[in-house]
Structure formats: C-alpha cells, structure tokens
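Assemble the complex: chain A is given as a structure, and chains B, C and D with the ligands must be docked to it using the hints.
What follows is the residue order along each chain.
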Amino acid sequence: MAATVETISPLSRVGRIVRENPVIPLVLLLFALIALLNVLQPGIFNERWVGNTIRFAMPLAMLAACQTLTMLTGGIDLSAGVAATVSAFVVATLTPLVGGPMAIMLALGAAVLIGLVNGFGVGICRVHPLIMTLGTGLIATGCLQVYQRYVINTGSEIPWFFEFLGTGRTLGMPNGLYLFVPFAILIIWGLRRTGFGRLLYAIGANENATRLSGVRSWQVLMALYTLSGLIAGITGLLYVGIIRAPSLSLANSLMLPSVAAAVIGGTSIFGGRGTYSGTIVGALILTVLGTLLTLLQIPEGARRLLFGAIILAVTALYVRITDQS
Amino acid sequence: MTRVLARYGWSLGLLAILAILLVATRLIQPNFGASGLDSLARAALPFAFATVGMGIVVIAGGIDLSIASIMAVAGVVAALLMHQMGDANAGWVVLIVLTRVPDIVVTLAMLFVWEGVALLILNAPGGAAAPWLRELVVGAVTIPGLPPELTSWLPRALVVLIAFVVIFWLPLRRSKLGLSIYAIGSDQHAAFRSGVPIGLTRVAAYGFAGLFAALGGLSITLSTGIGEPIAGPYLMASVAAVVLGGVALTGGKGGLLGPIIAVFILRTLRLDLTLLSVDPNVTTIIEGTIMVAVVMAGGLLAMRGRR
Amino acid sequence: QDYTIGVSNTVQGNGWREEMICAIKAQALKSGEVASLNIAHRNTDAAGQLEDIRNLIQAGVDAIVVNPANPEGINAAIKEATDAGIVVVAVDQAVTEPSAYVVSNNQEEYGYLGAKWLFEQIGGEGSVVYMRGAAGASADNDRDKGFKRALAEYPGVKVAQEVFTGWQQDQGKQQILDYLATGVAFDGVWTSGIDNVIVDAFVESGAPLVPIVGADNAGFVGQLGSVEGLVGAAVTNPGSIGAAGVTVALNILKGEKPAEQTVLVTPALWDNVSEEGKASIAAAQNPNLDPEWPVSVSIADYTTYSTDEIIACKGPGE
Amino acid sequence: MTEAAAGRVVLDARGVAKRFGAVAALKDASLTVKAGEIVALMGANGAGKSTFVKILTGALRPDSGHIHIDGQESRFTSPAQARRAGIMPVYQEPSLIPDLDVGDNLRLVDAPIEPFRHWVDALGITNLRLDDTISQLPLATLRILDLALTLAKEPKVLMLDEMTAALPTDLVERVLTVIRGQADAGRTVIYISHRFAEIARVCDRASVLRDGVTVGDFVIEPGIEEKIVELMLGGVPTRAEVTGAHIRAVSSAETPRLRVSQLAAGSRLADVSFELRKGEVLGVVALEGQGQDELFDVLAGFRRAQGGTIEVDGKAASFGHPADAIAKGLTLVPGDRKDALLMLRSVRENIALPLLARPSKWGAIPMREEAARVTGAVERLQIDMRAQAEVRRLSGGNQQKVTIGRWVAAGVETLLLFDPTRGIDVRTKHQIYPLLRELAAQGASILFYTSELGEIPLACDRAIVIFGGRIVDVIDAEAATEQNLMRAAYGLTEKERAASSSAEARP
Ligand SMILES: Nc1ncnc2c1ncn2[C@@H]1O[C@H](COP(=O)(O)OP(=O)(O)OP(=O)(O)O)[C@@H](O)[C@H]1O
Ligand SMILES: Nc1ncnc2c1ncn2[C@@H]1O[C@H](COP(=O)(O)OP(=O)(O)OP(=O)(O)O)[C@@H](O)[C@H]1O
Ligand SMILES: [Mg+2]
Ligand SMILES: [Mg+2]
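Chains A, B, C and D, in that order, give the protein sequences. Residue numbers for the first sequence follow the numbering used here, so the first one is 1 and each next one is one higher. Residue numbers for the second sequence follow the numbering used here, so the first one is 1 and each next one is one higher. Residue numbers for the third sequence follow the numbering used here, so the first one is 1 and each next one is one higher. Residue numbers for the fourth sequence follow the numbering used here, so the first one is 1 and each next one is one higher.
Isolated chain A (complex conformation):
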C-alpha cells in the first residue's frame, strides 16, 4: 500500500503538468474546435479564414484584458465596452474636425476619464466594482448620446492608421497583430514580472494582507481601472478600424463575450487567479465557436443554446482538469 502511494502514475503526472499549465487544455480544445469545423466545412482552414478569426479575436481579447486585470483583484469592468465605443465614436467623428492625432488623443482621453472615475469610485470610495462600472457605463452612454447630437452632420472618418491595422494584411495575417502582439506580451510579462502585476493578484487573494504589507490598495486600484479604461479606449480604436462604421453601440456587444473569454481562460471572478494567455485562448475559442455556429444551418435559438452549452461544458471540464475548488 505504501508503495503505491510513493510512485506517481503517468496519468497523474500528465494531470499535474496540465494543472500547472492550464493553458494547455484550452489550446487543445481550440484545436479540437477547429478540427470539427474543418470536418463540417472542408477546406475552411485556410490562411484567409485564420486571418479573419484572428482579426476578430484581437479586439475581444483586448477588451477581455480589461476583465482579466480587474477580475484578478476581484473586480470587473462593465464599462469597458462603453469606453471602447466612446473612444471609437469620438475618434471617427472628431477626425474630420480636428485631425487624426488630436482626435485620437481626445478619444483615448475620454476612455481614460471613464477609467479614472471607476478607479476613484472603486479605490477611494470603495464602491463595489460591479456597481461602479455599471454606473459609469450608464453615465458614459448618456454622455455619448448627448455628444452624438452635436456631430450628426460632421460626417465621420477613421484615421488611416487604424484602417491599416483593422483591414490591412501582411503575409495574410491581419495588421492588427502589430498592435496586439506587443500588447499581449506586455500584459503577460507585466502580470508575471512586475510589481504592479503581482499586486493585482495579491489584492484579489487577500486585500487585508496587502494592506498589512504596506500596499495602499487605492493607488493600485486607481491605476488599474485607469489602465483598464485606456486599454478599452485602444480596443475601440482598433475595432472601429476593423468595422469601419462608428455607431453608438459599436463595442457593447463585445461586453459579455469579453467576460466569457476571461472566465473560459481560467480567470477566477473572485480574484487572485488567472492568466492573460488563457484569456487570449478563450477569446479565440469564442470566435471560432461563433463561426462554427454561424456556419451550422440551425435555428437561432438552437445556435445560442449550443453556444451556452459548449461554454458550460468547457468550463466544467476545465475546472475539473485544473482541480480548482
């Protein structure tokens, strides 16, 4: 009996590797989905399709970065979608008036402002992030509507740089990767190797303990939500470059999927646990899943049902494999 306890079976070793690298099962799942797609629609796995998938997964993954970062501290950013929309709408409507660079500054400024207000509320006034960001989301939507009325007749134009990123390709891959790859590397590195990244995990794991260690958590939260606003703003710029049609609800539809991407990617909504690489894979999975369901000729109701059921199955399986309890 003692002997069986001492030896580690190969299966449990695999289990451990997987547990320590939770991205692996996610990547496997992604490939399984692609394989399934290729069976259903032979020849789909071509360069163009891969490019398109990545193109639409990028903004989702970026917005999901807002969720991942805030969820690590036990928060959430429900205003991210609105912030992205604000930034996209502002840049498209202001470019004809004040020129690209200035419009970009103003657009990002608006998004950062939303983040700052969130940071103030969450960090200093201790409002629950869900309520705070929901509230600022509402406020920003209202402001955007009011703003919209003054720019109905100014036309819209998207700075060429973002059209280049959003619609252009290099070697078949979308140009958006020029923005996204450095961004992703920065976030992944930042979470693992910077003090700020560590503090996000720490605050989510036990805010009291960070206080005890001399962390003023309001500083971290303030910086975090402002950063989240900035990321959302950049996402909005990239997204409007991809869609090329500013609207008052442009990125709002990315909101729930961005939370889903983070959750599928293994980020705990209670804080303290998660990785951005997981989130990226989560975003890819959602995008591929979307395509899969679009191409299946089934009623819309069944489509959504399947979408939910698959997410359910993935998370259930994932939680089991990685043994989170």
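Where hints are given, some of them may not hold.
Stated by the list, open to error - A short, non-exhaustive set of chain A residues, derived as facing chain B with CB atoms under 7 angstroms:
1) R126
2) G135
3) L138
4) T141
5) G142
6) Q145
7) G155
8) R304
9) A309
10) L312
The set of hints was computed from the structure by calculation and includes no laboratory data. These numbers come from a predicted model, not from an experiment. By construction, the Cβ of each residue, glycine as well, lies at the ideal position given by its N, Cα and C atoms.
Relative to chain A, chains B, C and D with the ligands alone:
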C-alpha cells in the same frame, strides 16, 4: 435599539429615500394618486421578482447572470401554454419545471442557453395570458366589507409581491435551509465544517432564484399579455437593486427587504424623471449617477461608522 | 395652442431610432403647436414600455407617440391612455389595440420589396445570404414574412445561409467575412439594414461583389453611388416616421381625424441599376450625415422641417 | 482512575494514508482511543496531524486505511455525517459563520441553547449575547464559542486541533479543566497542541506522528517529554539553549527606537507608555482583551489612537495607514495568519509582497535579487516548500512561518510580533527565539506579545505587563518566571495593588 438600527439601518435609510421620492412625486404632479401607485407597483413587479431571486443567490455567495433569460423563458412558455390550451394553470407548471440547478460561473453559459430556449419556443413575441390571471395584478385590492377608499391605495401588484415574498422568504429566512444559504455565502469553508451540505444548499438557492425569476417572467407576461423571447434589462437592474439594497456581493450579508425597496426607489426615480420631462439621455446619466452616489454614500457612512 | 406630447421608444444607441427622435423634436418645434415634449427613450422591453406609457399618462400629456416594442404587449397601457382621453399614435410598427392610430412603415413590404428586387437581379436562379435583424424582434418577424413571400414567388432561389446580425455592425461584418473566407457559395445578399459593413467586407477581402440589398442609411447610399462594381438597392425605411406621428397626433388633437385608423407608409426602392433609382440615389447623397442615419429625412405631406432642422435635433423649449 | 474508566475502544484508525499531489501528508497513521481517555496527537509542523483530524471527521477522504467507530467500519464523506455519529472537531480555524449571529450559528448546527450557555459560562466568557455577530467577536472568544457549541452537542469523540494556540493563559486553564471533566464523564478527547505543558496536565497518552507515519504511543508520565520530542523530530532534540546569554546591557541614554506615551485606543487600551530600545526584544504579557490587540494595531497603523503619542527614533509619528508605519520601519506580524497571507498564491509571492508595495517598485521585478531574499528567509525559518505553489496547502505552522519570513526578507527595523509562535512546533520555536536574538543583535527592535508565558525568558530582554489597558509592571528577563508573569498578568503585583488602591476613583 442601536443594534436594531445597525441591522436595519440601511433598509430604513432606503425607506426614507423612497418616502422623500414619493413626496417629491406628489409635489411635481399633484394628481399623482392611487392609479400612479398602481402603475408603479406593476412596473416594479418583474424587477422585484428578479431582484428577490438574484438576492437569494447573492446571499448564498453566487450570482445568477441568467436571471433575465430565465424570465424570458418563463414568460414565453406561460404565454404559449395559456394561448394554446387556454389553461391558466399551465403557468404554474412552468415554475416547477424552471426551478433548475446551475452553478456559479455556469450561469453565464446558462444565459445563452436560456436565451436559445426562449427563441426556440417562440421566435417572435406572441402567445397570450389568461385574462383572470391578468386581473390578478391590475388595480387596487378590494376587501369585502371594507370601504374601497381604504384599500384603493393598495395596488394588487404590491400585494402579490408581498404575498410571494412572505410565503417563501420569511419562513425560509429563519429555517435551517435559510441559515445554510447565509452560511455558504458567508464562509463556505466554515459552513462545510459545520456540517452544512454545500451542494444541496446551493442547489436550493439557485432553485429559489429560478422560482422567483419564473414569477418575474410570468408577471411580465401578465402585464404585457404576451410572451417576449428577448430578455429585458433585468439582469443588471437586479444586480444594481441587490447591491443598493445592502446585500454584499461577497455573500452572507443583508436581507431582501432592502433590495425590494431599492427596486421601488429606482422605479420612482424613473417616474419622477419622466414627470419632469428631463431630456432622455440625461435621464440615463442621472440614473447612473444616483446609483453610484447612493452606494458611495453608504460606503462612506460605513467607513465613518468604523472609525 | 400648446400641447404636451409624450414619446416612448425602447431602443437607444441606434442611428435609425436617434433620427426618429430628432425628427419628432424637429417637427414638434416646427409645428409651433407643441409646448413641450416628454420623451422616454431607453433600452427596455414591452413591460418597460408599459411603465413608460403609464408614467406619461401620470405626467398628463395630451398625446403619446410610441414606437411599440411589439404589437400586442403594450395594448393595456394604450387602452388606459385613450380611456384617459390621450391620443395615442403608434409609429414605425403597428399595434393591435384598436383605439390607437398607427402611422407605420410597412415592414412586411420592406422585406418583400428588397427581396423581390434581389431575386430578379440574380435572374430568379441561385442562392442568397439572408442577414436578418434581431431574433425575436417583431419588426424582424414582419420583414421575414415579406422575404418569405418573395421567396415563394421565385422557386429557383435558395437561401444559402440565414443568420441574425442582431442589428449589430460588428456581428454582420464578422459573419459575412466568415462566409467569404469559408467559400460558401452565394449570388446575392439581403440585409436588414446592416449594409455598409457588408460592402466593406467584400471590398476589403477582394471578393467579387454580388448584388446587395440594404436600407437607405447614409453610409450604404453613399456606397451605392461610389463603390466601383457594386450593384445594390436601398429600401427606404424613414426614421422621420416619428415626425409623421407627431403631425397625425396634432391633427387629431385639433379635431382633424385621419380617414383611416392606420396610415401605412409604403417603402420605396432605389437601385443603382435603373435610371430612376440612380437619380434618387444621387439626390439623396449626404456624405456628412452620420452613416447610420437614414437619408430620407422627410416624408411628404407629414413633415415640414428642413434637413438642417432635423440635424440640429432641437425640440420645443430647448 | 482513568485506567479504570477507560475500557471500550471508541475509535480505531489503522494505516490511514492521504496524498495531495506530490505531497504525502499521511502515509501510515494509526490511532486507538478508548472511552474516557484524552489522547494527545503530537508531531512537528506538517507531520499530518490536521490532515488526520480532517480525515477522522469526514472533512477529507483518505486514500487508504480503515477507521472503526465503536467497532463498526465507518466511511464518512462529510463533516455532517461524522457529526451525526458523534465525532466532533474543533478545528484550528473558527468554523462559525462570520456573518450570522451566535444564535443563528447554534440553530445552524442544531445545538441546544441552555447547555451552550452553561459551557460558555464555564469557559469564562461573560457578557455574550446571542445576537452578537460572529465577525465582531475577538478570536479567542470564537475559539471558546466553537468549543462550547461542540460540547453542547454532547460529542462522543471530541477533537481539538490546536484549539488553545490562540488563547491566553487564563482561558487555556479553563479549557483544560473542562476537557478533563469531559473525559471523566466517559467521553473521549483527541487533543492537538504544540505545548507540552498542556499535554502533561490533561492527557493520558500521546500518539506521535512523524512525516505522516505514527511512530509511537506513550503513556504520559514525568520525564517523557524529551523522548517524545526526540521521536517527533526524528533525531537529536535540537533544543537550542538560548536563555541567559543574550541579555544585552542597553544604555538607557540612547534615543529609544520607539517611545510610546499615554497611548489610548478603543475601549480597552487606556494608558500605555513604554520605550523600546535599539537591539531590544521587549515582551508583552497580557491576558485576553487587556488592550494588547489595540496597542499592536495602533503601532502598525491599522487604527488611530485616541490619545497619547508615538515617537520613532525621537521623532513624533502618527500613522494613517500601515504603509506609514512601514515607512518608519514598524512592521506587524498579526495574530491571525489568515489576515496576513495570500492563500491562493505561492510562498515566494507571499514573502516578496512588501518589497513591491510602493508605487516606485511597481515596475519590473529584479527576479534574482528577489529569489535570493526569499530563499534566505525560507532557509532561516525552515519553511517546508513541498506545497509552495499555493500557501493554503501548507500546514498551519508553515503558514505561520511565511508571515514572519516576509519581514525577514524585507529587512526589519522594528518588528511587532503578535503571538508569532502560535501553532508552531517545538523545534521551530527554538529556531525562532535565536532568530529574534540574532535580529536584535543586528540592531532590530522587537515588540513581542506571546500568549505562552514560558517564551518570555527565552527570547526577551524585558517584558511589560498590561492589565486593564495600563502597564502594571515591567519585569526583567531574569525575574520573568512563569509564576511572576502570571501574577502580574492578573494584576496581582505589589505595585499594582498599591496603585489601584490609590486610584480607586478611576473608571
Ligand atoms: N490540501 C492540501 N494540498 C497540498 N498539500 C497539503 C494539503 N493539506 C495538507 N497538505 C500538506 O500535508 C502535510 C501535512 O499537513 P497538516 O496540516 O496535516 O500538518 P500538521 O501536522 O497539522 O502541521 P501543523 O503543526 O503545522 O499544523 C503538509 O506538508 C501540508 O503541506
Ligand atoms: N481551501 C483549501 N484547500 C486545500 N487545503 C486546504 C484549504 N484550506 C486549508 N487547507 C489545508 O488545511 C491545513 C491547514 O489549514 P487550517 O489552518 O485550516 O487547518 P487546521 O487544522 O484547522 O489548523 P492547524 O493546521 O494549524 O492545526 C493545511 O494542511 C492546508 O493544506
Ligand atoms: Mg495542523
Ligand atoms: Mg496547522
């Protein structure tokens, strides 16, 4: 006394806000009266049911993102069954069927699933509600033997709401199951060690949430007379009301009285903004600001209390 | 005379609905007969609209212009309003409550007209992508009826793919790009108003253009005039229908009831193939307009404001 | 007497094994207890005691092994089942529901109220109300409530896992009396503690675990301690001789590191003044609730004082946030490790946390330097790193070491230790005392509250005694015998008697 104040202080504060808002409504619109209260109560009904459902789950330390979609499913199923079979009782079958069993993160996925189910059942608004059931939530209460002037101020919708909450929640709150719901929300580890069956309790909490969400969906069908397969704005509204009502999103704290008052506050606020004919976009801004401000003020008060 | 008019609308943040609100404001101001507008404009469902209408009744308005969330769901409140002597005009979509007046775009006709043109254009033979609006919405359902009616008339036409865009630009674009990338074969695209991103997707991915049906949104109408090789048609669906509602309501308040309880505004179709259509498109061009806004900003006989006035989006007392 | 009462075997566990991933927490644990017996379960930190208790009470499932209750094979799958069979634990962490009040907690586990009240009284908690919310009660009270609640349910087998670790001496006395009474009434008690004195007082036998294996079973008798310690630690006892030699002559002319005068806070800390010199370890002795919690909280910047002054290195200081105190070199190791640890994160992240606190350190982490510091601290405190990926998987004692190691890695000037040896095994304790001396010799100043009076002469230069929120005595290490300290802690010194009679009017 101070203990009572400490425990119910938040609800009392909300009640005061509600009273002020109602007085303000009366000042803005001197004609505001029984019919106004009635429509307020009817408007609040689905929100209140959703909030009660959400509240129970949140107290148990979870969150139910699928609450609005469940309401849609309940609504369309009820509308369809009543339409086809002309049998109002079918509405109640729904409640039992929908008392379902998901888990915490799972509810996000369930949101999509229920959305899909609602669309599969009814791909466009339709169906019908049984007239006698619709009467149930319309108008004022009439109690035989009492002069109607006395009861004309009491909307039926409010009575229905109170009846359901009293029937289900009050006994539950004091029961062992109710305590267990608080326990798993407060500290799951400690609850497990105290012998609370975590899984079963969670199932029960989500079950009750499903029940109330179904009631909410039913109440929508009763007020609109049809079933709508697209979920309304009840998810975020219910979360907001739960938090405004003093239930901690971390679980274990608070009751359902506060959230229900919060629902009425939010509805009255909207009424007042309409009466004042405020620019609609500004309305959104005001609603967001007030929501944040109330919670912020609560946080600051709590912080000063601790000092 | 100074009337107070209430407005209830349940979709926010959509160009078409924003134009509707602006049209209502502009017409109310222009008429000179409206003292104030009381607008309930938010994202909600039928139950929420019931609440809004009841709040408007409480506010004591003289008339209510409502874009119904669905045809039956708000009947109860409409009945309460008309019982209280308030004139109720449903715009854009019909309601089944008989006491209300209806000034509506004919959504079934909208679906039929575009589909018929498209099927004709591909020679009555082939397959099309059918990009619908939001699942479960009643306008989408009506358009679907029209589309199916046309489909029945052209047995040679098949639907290659049917999908809901949710009236979201980004969704529509991703879906069409998926079709283009995966080699789904089709000869035409029918859209429920998510149109300019579809053209963009073809252009960006360098795929050969096929005939595309959209709505009269400024962006798409611009593309019909300018995109090389694009064959397409815009079906009008004027947001200014809201202004028509105001006019009808004011007339009723002044005692001039319309002959029929229901006034249907039949959509027009502007294609860039026929001369007539080309002329309409050329006339409707307005590159400065928000691309989501319909270009048909006025309805003859019902609206009296100028284009600048609707763009200014100012109501009485602002 | 015990021999006579003990008869029937109540619980018999054989060959219990439990593995968590790579860590074999238990390999071959056995335990037999009879009715009316108190058996001590002993072992170093991480030996597997808590795991064993959790398995016996259904909170964990064993990988293998057999457990018989009253001769019947039992396989509990939840604490609820074990409770029904009369096997009831008091775990180290309070198992009461923080957001419910006392009455609701009773109802939750169906504990009868009258016996509960009886036990609460017997255990020395006065003025408890049934509508007190648990989260607002002090830790020591919670431990007692946990025990009272369990006793009220009349357990067949009572298991106490380091129940006394957080208790002040007076309450420990009462607990020991009560459990002795339980055994005399024919019940069975399994008792875990790292304090041999307690075990010698009440236990009949001791069963020793080492690295998950039961290595011995002894009848408690005088002189057995050395043997048990030797067996527990699996080698020569490493009891470092630290008494006496370390007491430094400190000149009182020097500016003290910390000068506290007339400090008052909350309802309990009334008026405390003392000096903590450079290179000094100053003990703090107090019974439960005499204001020591408030004192440490104020000094660490967790709460504001209502009166009095704090001077650091001769300069007046006031702290609005722990960060302010840390900036002045004052760092706290709190009594409750749950407050201090990031349970989901690794040992390394936990230890390195203070290094990253200031915004200027938010940038790239110097990984090598950090690794060196962390390794240094881990080695100095001998932290068991087998389960290092998540601190919650460490045994209780090792978790406690991480809370201290953090400040060892960050470098200490003034360390405020609130009962740091709580739940730490005898070997590690005897590593910690010299560590404190060493830190002091390097110039650190240490304020050291302990609930175990015997530690004072082992580690401190002097000790202050707090009673009723005031300092009632200052005792030098030489004079700090347990009796002296105890008398002082109860406010029974000559000085205090004189003082209190002269100041009777004080509230
Ligand atoms: N859930 C778990 N996951 C991984 N390792 C665990 C887990 N629980 C316990 N261990 C490991 O099992 C071993 C025994 O732990 P246990 O808590 O039983 O020790 P203990 O004897 O109670 O020690 P202490 O005196 O410090 O409380 C330790 O090495 C611990 O790290
Ligand atoms: N959430 C958890 N998941 C896995 N293991 C846990 C968890 N919480 C605690 N543990 C295990 O419990 C043991 C210590 O935790 P805890 O302090 O709660 O136990 P205890 O027995 O009450 O205290 P002590 O070990 O000090 O006697 C460790 O061995 C740890 O591995
Ligand atoms: Mg232990
Ligand atoms: Mg322990």
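Consistency of the hints with the structure:
1. R126: Result: holds, 4 angstroms to nearest chain B Cβ.
2. G135: Since chain B brings a Cβ to about 4 angstroms from G135/A, closer than 7 angstroms, the hint holds.
3. L138: OK, holds: L138/A within 7 angstroms of chain B, min 3 angstroms.
4. T141: 6 angstroms, holds
5. G142: 4 angstroms, holds
6. Q145: This interface hint holds because 4 angstroms falls under the 7 angstroms limit.
7. G155: 22 angstroms, violated
8. R304: Holds. Min distance 3 angstroms.
9. A309: 6 angstroms, holds
10. L312: 4 angstroms, holds
Checked against the numbered hints above, the structure violates only hint 7.
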